[in-house]
Amino acid sequence: MSMQFNRRKFLVYGSAALGSSILLKSCASDTDTADTAADDTATADAGADAPAASGDTIKVGILHSLSGTMSISETTVVDAEKLAIKEINEAGGVLGMQIEAVVEDGASDWPTFAEKATKLIDQDQVATVFGCWTSASRKAVLPVFESKNHMLWYPVQYEGQECSRNIFYTGAAPNQQIEPAVDWLLENKGTQFFLVGSDYVFPRTANTIIKEQLAANGGETVGEDYLPLGSTEVTPIISKIRAALPDGGVIFNSLNGDSNVAFFKQLQGAGLTPDMYPVMSVSVAEEEVRQIGTEFLVGHYAAWNYFQTVETPENEEWVANFKAEYGDDRVTNDPMEAAYIMVYLWKQAVEAAGTTELEAVRAAAIGQEFAAPEGLVTMNVNHHISKTVRIGQVRDDGMFDIVSSTDGPVDPLPWNQYVPETQGLACDWTDPEKGEQFPMEGA
Amino acid sequence: MLQALFGLFDGIFNGISIGAVLLIAALGLAIIFGLMGVINLAHGELMMLGAYTTYVVQLAFRPLGEPLFSLYIFVAVVAAFIVAALVGLALERGVIRYLYGRPLETLLATWGVSLILRQFVRSVSGAMAISIAVFCLLFFGALWVLRKRSDWASMQKKAIAILLPLSLAIAGGSGFLLNQVPILARLWFSTRNVDVTAPAWLRGGIPFGISQLPYTRLFIIALTVLCLIGIYWFLNRSVWGLRIRSVTQNRDMSACLGIPTAQVDALTFALGSGLAGVAGCAVSLLGSVGPNLGTNYIVDSFMVVVVGGVGKLVGSIVAALVIGTLNYLIGSGTIAIILGGSGVEFLQPLVGFFTFFATASMAKVMVFVLIIAFLQVRPAGLFPQKGRSVEA
Chain L
4 MSMQFNRRKF LVYGSAALGS SILLKSCASD TDTADTAADD TATADAGADA PAASGDTIKV
64 GILHSLSGTM SISETTVVDA EKLAIKEINE AGGVLGMQIE AVVEDGASDW PTFAEKATKL
124 IDQDQVATVF GCWTSASRKA VLPVFESKNH MLWYPVQYEG QECSRNIFYT GAAPNQQIEP
184 AVDWLLENKG TQFFLVGSDY VFPRTANTII KEQLAANGGE TVGEDYLPLG STEVTPIISK
244 IRAALPDGGV IFNSLNGDSN VAFFKQLQGA GLTPDMYPVM SVSVAEEEVR QIGTEFLVGH
304 YAAWNYFQTV ETPENEEWVA NFKAEYGDDR VTNDPMEAAY IMVYLWKQAV EAAGTTELEA
364 VRAAAIGQEF AAPEGLVTMN VNHHISKTVR IGQVRDDGMF DIVSSTDGPV DPLPWNQYVP
424 ETQGLACDWT DPEKGEQFPM EGA
Chain E
9 MLQALFGLFD GIFNGISIGA VLLIAALGLA IIFGLMGVIN LAHGELMMLG AYTTYVVQLA
69 FRPLGEPLFS LYIFVAVVAA FIVAALVGLA LERGVIRYLY GRPLETLLAT WGVSLILRQF
129 VRSVSGAMAI SIAVFCLLFF GALWVLRKRS DWASMQKKAI AILLPLSLAI AGGSGFLLNQ
189 VPILARLWFS TRNVDVTAPA WLRGGIPFGI SQLPYTRLFI IALTVLCLIG IYWFLNRSVW
249 GLRIRSVTQN RDMSACLGIP TAQVDALTFA LGSGLAGVAG CAVSLLGSVG PNLGTNYIVD
309 SFMVVVVGGV GKLVGSIVAA LVIGTLNYLI GSGTIAIILG GSGVEFLQPL VGFFTFFATA
369 SMAKVMVFVL IIAFLQVRPA GLFPQKGRSV EA
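Going down the list, the protein sequences come from chains L and E. With the first letter of the first sequence counted as 1, position 376 gets the number 379 in this note's numbering; the numbers rise by one all the way through. With the first letter of the second sequence counted as 1, position 206 gets the number 214 in this note's numbering; the numbers rise by one all the way through.
Extracted from the complex, chain E is given alone in its bound form (with noise of 0.2 Å):
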């Protein structure tokens, strides 16, 4: 009894690890898909930005030497959280506030943005860094000094055509000499992935019956009810969510009360990105950190966000949950001996139809059927919006 109650302790604890690294990662998507109905492509890189974050934080905290060294991953949180959504920013000001209500250019847009950013950490030196720095220096400075002349609007042309190719070529001049200096040659990650360590007490696990349970699971579900204790006060304690929640069930009308919408989108944006790099953070103590680390995590994002439905925080949770879980019974033949220890006859046919697919690589056809089949039934999802917005 004591074993089976172990086992289904075991089960459950796997379930909602596998679910809450899900639910990390899909939680800014939910927020960016999910509230704002942006398809972002780049979510995953911009975990793999938080990812690189804390190794950099990792490799600052080093030279620091224990106790201080096992604190890293806290500041890494933080740093990722910042880090990644500084970037959201910049690609929500830079790129998909022109997108807005065109979501198929805004997923070609953030897909290119992905590629961009995953070539990005492989090829980014010192020289490089500082020539990028240069070009915006000389670029945003000097459009930021010639628009406060009144005769803006009838150069602006011109000036872009000149200004861009020159501050282009200043950069791209200035990067090639600093190239020639080897230490500004070097690149900082390179195609190799990198290691990053936990910290020596997210290393093993408490004992519990005949398993373990990873300090690093542990971790990343406590980081993950963190999180989704932040949002839930966010967007309904804080004055901002209030705005948020506004703009996302009536844009126009929010607008004509005077909440600033165009702030308002930078600030969810950025928001989502962040928690994207918080998931970055955390799943780096789960498997490598490399430019490809996003890609791995992308479609499991869309999948929670899609079978949870739009704009339901709550439906990305309880989807999450459950994918993880049946991912989990699948994959680890679970179902397969239950069903065969339950003695029921005409049960057992189904035994060789589980344990067929309780291996990792069928788990995940099976899980994708499962939510195919799902979908046809609830397209929606499993929250789906009410009320009379939902139709207009």
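Just chain L, same shape as in the assembly (with noise of 0.2 Å):
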């Protein structure tokens, strides 16, 4: 055969060559469907594989990624959900009877949640579902939990901005990570801030909150810029900090994924240390740190609600358990410790109002308190949870130094005070009055 190329066919095989290696590379963020959290589903129900010997048992969805590029993470969620519902069902049940969790596979995508999500409510009649990570997945689900009127416990830090009825969010709302985390580098490490972040919905909507909020107490944005994700070069960002930043300030990041790694490693090759330039992170925990690799963020720091170092009785005992069923090399994290607490909410929220029935479970469920790992923790009436909010600085061994934590929970806010279009609004579940969106008095 002669394989030589005149240039039409170079030209031609050329051009397919590199269209299909962009397709393939576009495709791979998220047909990236192959993985061995698999694995997981064939032991999914091993928490709640000891149903009640009368056959008495309340039915639970428990509704998250187990495959595709979330299941990382979604899986550690499961792993504390699981836990709750075993160390529940040990001490006697709910109302008497054991709870039986109904796993399904979200597989990162999002048509695939709601799907399954109808699949819970209609099919397997649960009493309510645990799940979602990404905000991407929640938005698919909520018309599905509305249009129902049921019930979904969601357990990870968001951008706000959102008050359902018929979600209960025991993540942090901005005002929980994002504001007193801007506060606490304003007070203690500089004005200039430069914005960093992968270029998706909750970067972007984070930043807008950090510039309002910068310009209301006398910060200043000298830059920001934003990373596609997955990308690995970051040496433009790096000269445009110095650029912006020549004499230090402060670096705030809500990169997520691979992109983390590649900046921190180029970031620290730079010459740009952590005394000069700290970044905080939102997006890293103690299980990032570890992928990055704990020697590029020593001195850095990260704003989270629960750190695994946070020093009470409940969290030494629940870390305890937690590496007692899941092995000495797993960590727990904010996310996690989220999604554990939320069960043990729904579960006294039942006990409280003595049934599974839908609205007697969700008035019970406001003014519910727990003693979390965290701290106390209380549902309030606009579906979110007061919660402690702490900073913490890496150290060597890959966990944090809580360097900061406010002194008692924080209350929740959705509706964000910084953004012009939802200042003054609040939520409030308890009268029929107010319900998602009302103007709070005086504002």
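If you're looking for bench data, these hints aren't it; they were derived computationally from the structure. Among the hints, a few may not be true.
Among the chain L residues that face chain E by a calculated CB cut under 7 Å, a handful are [said to hold, decoys possible]: (1) ALA94; (2) GLY95; (3) LEU98; (4) LYS214; (5) THR238; (6) GLY274.
What follows is a set of in silico ranges between Cβ atoms, one per label pair, in the way DEER data are often shown [to be verified]: (7) E:ILE237 to L:ALA327: 51 to 59 Å; (8) E:GLU113 to L:VAL301: 45 to 53 Å; (9) L:LYS326 to E:ARG101: 46 to 54 Å; (10) L:GLU314 to E:PRO357: 58 to 66 Å; (11) L:LEU361 to E:LEU145: 55 to 63 Å; (12) E:VAL189 to L:GLU190: 54 to 62 Å; (13) L:ARG168 to E:GLU113: 52 to 60 Å; (14) L:ASP127 to E:ARG200: 29 to 37 Å; (15) E:PHE17 to L:ASP404: 51 to 59 Å; (16) L:ARG168 to E:GLY217: 32 to 40 Å; (17) L:ALA327 to E:LEU145: 38 to 46 Å; (18) E:PHE382 to L:ASP127: 54 to 62 Å; (19) L:GLU314 to E:GLY217: 32 to 40 Å.
From the three backbone atoms N, C-alpha and C, an ideal C-beta is built for every residue, glycine too.
Dock the two chains into a complex; use the hints.
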């Protein structure tokens, strides 16, 4: 055969190759469903495989990605939920009945989440669903839960600007993570901020909030940049940071996934050290520290409600139980803790209501308190919980030194008070007059 | 003045360092796609294998302690080259050689291979590796033995029909049994990204003016230059290099003259794959190492080779440096700053334009647009092949 390429052939095949490689790349980010987490499906109901002898069980749904890109994070949350269910069952269950978990795989695919949510509600007739991680998956199932007037518990910090009657949020609202972090930085680390994020909705929304907040509190946004998801070339960003902050300043990082690794590795190589350029991250927890490499992160900061190093008796017990269940090399982190406490909050609400009937549970859930590993949490009228806010600094062993923590739990504000469109709005589901959005008094 | 000089040097250095990453990623492809004309979509996955090799070498060196541990990176470069070259060799012998001259089938086949390789590192465990080895041993071993028989041609189909399910069953069964042993069932890498740590001497950098030249970047630039010198020497000064060049220029004539073209093909492909492995080792110093590492580089690699022009290594070098520098100048906003500072009146509207493109995402868009425009003018790239054979 002739291997000679003439110009026309080269052009045709060259563009075919380039085109398909682009296609391949773009597919890879979402068709990346191949995963070993499928193994977990087999053992998925391990936490609930001991139904009461009488056969009386309460079914609950667990809906997370067990496969696909998000499975790395979401399977850890499933572990935490199953641990809570197992503990409750061992202590006698709820209303004298054992909890049986029905685990469904959302497969990191948002329409699949909606489909599986429908299945859990209609076919399995679950009492409630614990699930979702990304905002995209939550937005996908929201219409399902609202149209069927069912109940979802959501365990991850998110960008706010939502307050559904059918969802209970046990992760942080922006005023329980991002805003206190900015305040702390303004007070301790300087007023000039450079914002770096991945190029999608959460970092952009978060940075909008931060910019408004800085403008209101005497800070200054000297620059912002967004890296395409998965990109590893951060040299131009580092140059921009150096040009914008020649004498040092604060870097606020909402990068997600692989880009974090490239960012921190190259930041160190470029000589931007934590003493002059402290980085505050909102998506880097214990698990991510292990993956990025502790040596690149030592001295940088993260804001969460929970760190594994929180010193409460509840936390010591929880970490010990978790390691006993899943192995000594595992770590606990903020979303896992939020997932753990939401199962308990639901259990308390059911016990207070004396039934699993949805309206009664929804009403009883409000005001429930739980001595969580992070400290006392309370369910508010806006379906979010009051949480303690902490700032941690990465230390040599990959754990966090807690350098700042609020005196007590901070009340959640789902509608952001720095963004003009939602300023002065609040949410109250106990008062039929108020509901999802109402103007606060004096606003 | 000094400040401006530092700034200029900084810009050039950063441009070169981005270009070097592009170039080292594209070098192997410049050989496989450029010289052989094979569209290898598994190139990124060969890089990924190189990066995982680096990780394994690093783990092996950890118990040795300092100062030996710091030297692991040199062993890793060589190991990555060998591993990727062997996989490339197997790929060429097993798949590609049946598809020469059919670029679209090659494209689909190599895409399939890339998916298989990605899935392989996710799910490989001791048990799985052993059962694959058992299968290869049984199946190919039996074929090898049977092939010596004189009546091989008549029994070929029947033999394969019996051997294939048989060895699959044995391998599958042993895999299932071995999976019961916890230590063998443990995944080697799992889906989680692994942490490759640069040795201590590669962290930090040389202070230079207001900025700092990172050691990792210097290391990658040096590695790229070394690879280039090596390839140049190999292609121009060695016997096999001469054969490769002659086969690329005229395969039939070379075959007539007694050059073993099949061996040359295998060698060329292995060389290109090995270079991909070295690239994987280099980029593991910059970013994370995971099953998807390759997908981040495959587009850029093809872009460099297409812009550079087929069959000319010098084209890839120039293209990588130009794309790298452009990417940096646009992405870091340097163009906007220069235009803004120039004081020339009619340039001022352009400042806003370039400021808009001065983010990482938008710079990529701009570079792509420029490349498309460039390819309209010069469809065959920067350095098209000249001569009668091109139009053949």
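Using the Cβ atoms, figure out if E:VAL189 sits within 54 to 62 Å of L:GLU190.
At 56 Å between Cβs, range holds.
Using the beta carbons of L:ARG168 and E:GLU113, state whether their distance is inside 52 to 60 Å or not.
holds, 56 Å
Cβ separation of E:GLU113 and L:VAL301, checked against the hinted range 45 to 53 Å
holds, 51 Å
Consistency of beta-carbon spacing, L:ASP127 to E:PHE382, with hint 54 to 62 Å:
holds, 58 Å
May I ask you to test the interface hint for L:THR238 with respect to chain E, counting a Cβ-Cβ separation under 7 Å as satisfied?
Status holds, d = 5 Å.
Hint check: is the beta carbon of L:ALA94 less than 7 Å from a beta carbon of chain E?
violated, 30 Å
With a cut-off of 7 Å, does the beta carbon of L:GLY274 approach a beta carbon of chain E closely enough for the hint to hold?
holds, 3 Å
Against the range 55 to 63 Å, how does the distance between the Cβ atoms of L:LEU361 and E:LEU145 compare: consistent or not?
For L:LEU361 and E:LEU145 the Cβ distance comes to about 60 Å; the hint holds.
Can L:LEU98 be said to touch chain E, with a Cβ gap under 7 Å?
Violated, because the Cβ-Cβ distance from L:LEU98 to chain E comes to roughly 39 Å (cut-off 7 Å).
Cβ-Cβ distance between L:ARG168 and E:GLY217: within 32 to 40 Å?
About 59 Å separates the Cβ atoms of L:ARG168 and E:GLY217, which means 32 to 40 Å is violated.
Does 32 to 40 Å hold as the CB distance between L:GLU314 and E:GLY217, or does it fail?
With Cβ atoms ~46 Å apart, the hint is violated.
Range first: 51 to 59 Å. Now tell me if the beta carbons of E:PHE17 and L:ASP404 are that far apart.
violated, 39 Å
Hints 1, 2, 3, 4, 15, 16, 19, counting from the list given before, are not met by this structure.
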